[in-house]
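A.B. asks: Full structure from sequences and hints, please.
Chains A and B, in that order, are what the protein sequence lines are. Under my numbering, the first residue of the first sequence is numbered 1, with each subsequent residue one higher. Under my numbering, the first residue of the second sequence is numbered 1, with each subsequent residue one higher.
For the record, the hints were derived by calculation from the structure and aren't laboratory data. These numbers come from a predicted model, not from an experiment. Glycine included, every Cβ here is placed at the ideal spot set by N, Cα and C. Hints are supplied without guarantee of correctness; some may be wrong.
[Stated by the list, open to error] Taking lysine-lysine and the DSS-like style, the derived pairs with C-alpha atoms no more than 27 Å apart in a straight line are: (1) Lys338/A - Lys316/A; (2) Lys303/A - Lys37/B; (3) Lys30/B - Lys46/A; (4) Lys303/A - Lys60/B; (5) Lys85/A - Lys24/B; (6) Lys85/A - Lys41/B; (7) Lys2/B - Lys24/B; (8) Lys95/A - Lys129/A; (9) Lys24/B - Lys58/A; (10) Lys303/A - Lys9/B; (11) Lys30/B - Lys85/A; (12) Lys46/A - Lys140/A; (13) Lys2/B - Lys129/A.
[As the list claims (entries may be wrong)] Examples of chain B residues lying across from chain A (beta carbon under 10 Å, computed): (14) Asn10; (15) Gly13; (16) Lys24; (17) Ala28; (18) Val42; (19) Asn43; (20) Leu48.
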Amino acid sequence: MIQGIGASDGIAIGKVYKYEPVEIVITKEMCQDVETEILRFDESIKAGIEALEILKSKTENEMDEETAAIFGAHIEILRDPELAKAVSERIISEKVKAEYALKTVSDRFVAIFEAMEDAYIRERAADIKDVTRRVLLILKGIKSKGLSEIDEAVILVARDLTPSDTALLNRELILGFITDIGGRTSHSAIMARTMEIPAVVGTGGGFDQLCNGDLVILDGMMGSILIHPTADEIENYNEKMGILNKEKALWKSCMGQKSSTKDNKDIDLAANIGSPDDIDGVLSNDGDGIGLYRTEFLYMGRKNFPTEDEQYDSYKTVLDNMGDKPVVVRTLDIGGDKELSYFDMPKELNPFLGNRALRLCLQNMDMFKTQLRALLRAAVYGNLHIMFPMIATIEEFRKAKSVLQEVERDLEMEKIPYSRNYKTGIMIEIPAAALLANVFAKEVDFFSIGTNDLIQYTFAADRMNEHVSYLYQPYNPSLLKLIQMVTEAAHKEGKWVGMCGEMAGEIQALPLLIGLGLDELSMSAPSILKARYSLKQIDSTKAKGMADMALQSCTEEEVKLLIDAFWNEA
Amino acid sequence: MKSKIVEVKNATGLHARPASGFAKLATAQKCEVFLEKDGNKVNAKSILGILTLAIGQGSKVSIITDGVDEEVSLKVLVDFVSQLED
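C.D. replies: Okay, here's the thing in structure tokens:
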């Protein structure tokens with residue numbers, strides 16, 4: 001058995017498919033006959049183009065044109081006359097094999113491109129490497145399946161999956177995935193929950209222990225992987241899957257009902273989304289709104305900034321589909337661990353404490369204004385709440401608001417339809433903002449507490465660093481005090497407070513959060529009905545009493561015991 | 001042989017789509033087409049060649065045509081660059 005961290009609930013039983021880019025070693029080898037070698041090279045280019053054409057039309061049909069354009073660019077490189085010429089010349093002059101000739105020519109281009117200042121061209125170096133790799137595999141006769149070429153139902157096993165890898169996963173074929181690194185809050189884990197794919201991450205050495213085709217049982221709750229399970233174990237897990245499905249049916253019975261506590265206190269149970277594609281999941285799980293729309297995914301996995309119109313289309317789709325329900329859109333949050341290939345961000349010593357999110361936006365006004373214009377234009381279609389991330393001081397909020405006003409004036413002058421009927425709020429993820437919540441509360445319309453970063457900044461502990469993972473303490477009284485400061489300050493001014501971090505989706509935490517006075521909880525869509533079902537078991541007055549005791553506690557452990565006791569009585 | 005110096009005014013420069021559009025248009029010409037910037041001359045039918053010149057916004061480049069219909073081709077290519085928009 002392999003033990004990792006359960007990252008996304010659910011059970012999957014299936015065969016292992018290991019995903020690892022094969023390493024190709026090319027040495028200088030002489031060829032027998034120059035003519036045949038050139039012919040061999042031409043043939044491999046043709047085969048490469050053919051494969052790419054298929055991939056391109058497949059992505060056009062199944063995904064979007066932007067992704068398909070990547071393969072279009074690869075085809076262009078293979079058709080490039082200078083590439084063919086340089087390789088042929090080298091084969092002739094040095095009498096070497098096509099593999100070696102291609103590798104050296106490609107390396108030369110890669111070196112030229114990587115040395116360039118322009119971020120866009122540097123990124124093209126990756127395209128050349130990628131496409132060279134494809135042709136080298138053909139020349140060497142190695143068959144390597146990429147992620148997009150998986151054509152049967154499998155459990156994917158990888159050392160690591162990037163957000164763009166994860167985004168490309170086919171939900172029909174990937175029963176679940178297992179990675180060596182990562183934790184519950186790493187991006188691939190969060191995306192797995194959104195996509196409702198069972199996942200286990202952080203197995204350490206799972207990749208090396210598993211072989212292609214191994215039958216395994218993946219338990220996304222326990223974070224465990226059973227290799228070559230016995231018939232009994234399979235039956236046992238099938239039974240568990242049955243119970244899971246029954247529970248799901250119970251939760252489903254909460255469809256269409258109000259989200260409120262036993263004593264009828266209304267709480268909004270909203271969803272976190274990353275793209276308009278996630279709306280289906282929100283509607284089918286009956287979310288009370290969107291509590292966090294992460295707009296950075298609109299900017300990721302592409303080759304240039306999304307235009308105002310592209311953004312407008314996305315925002316409009318989301319707002320339109322949600323009708324009157326509130327939609328909280330977080331403005332671009334890049335920097336930290338999220339980079340854009342086409343946007344040159346200087347390397348920083350402490351990226352999480354560096355120039356990210358709103359800080360970056362305020363220094364790149366064109367980029368920021370484009371997003372705000374798209375948002376205000378889309379505001380016509382629904383109940384827009386604009387939320388600024390990474391706010392530390394009130395001046396930052398005022399500055400962001402003044403940019404919004406500028407954008408309003410611009411749109412007015414240009415006679416472009418837009419709406420002033422929107423709300424503005426901030427994300428609480430920096431302790432400085434929580435401590436001055438009373439000041440912010442007078443000027444913002446709402447708050448949303450981002451627990452992942454708030455915990456990391458409060459405890460000064462990198463949430464990706466396994467050695468300090470013990471400091472990821474969502475139930476620590478220090479954090480609870482910060483939360484309580486925010487809700488108290490907000491309610492005094494008649495404003496509401498939401499929570500959109502991982503903690504908001506933890507059923508166990510529900511009574512504590514209700515007791516601390518949160519008005520809205522935003523989670524991955526599949527958690528909503530379960531939360532609604534659990535909410536009905538909670539009496540808000542009792543929850544308040546428990547939260548007050550939690551605030552007096554000394555350790556996270558004590559708080560957890562209080563919560564356990566609460567659930568036992570409920 | 002004909003040539004003309006043009007300034008690239010669009011924000012993207014001769015990168016991404018404009019670069020590939022230019023290479024395609026050059027490939028469609030019967031004559032040979034070159035681009036020259038800062039003393040470096042490349043085959044303009046090659047997208048890799050064009051990219052190695054790093055032609056950003058505000059760059060001045062010579063478009064050179066040589067062979068069949070060189071005059072018409074030059075005009076077509078110069079027009080392409082001057083009409084680039086973002």
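A.B. asks: Going through the earlier hints one by one, which of them does the structure break, listed in rising order?
C.D. replies: 13, 14 and 17
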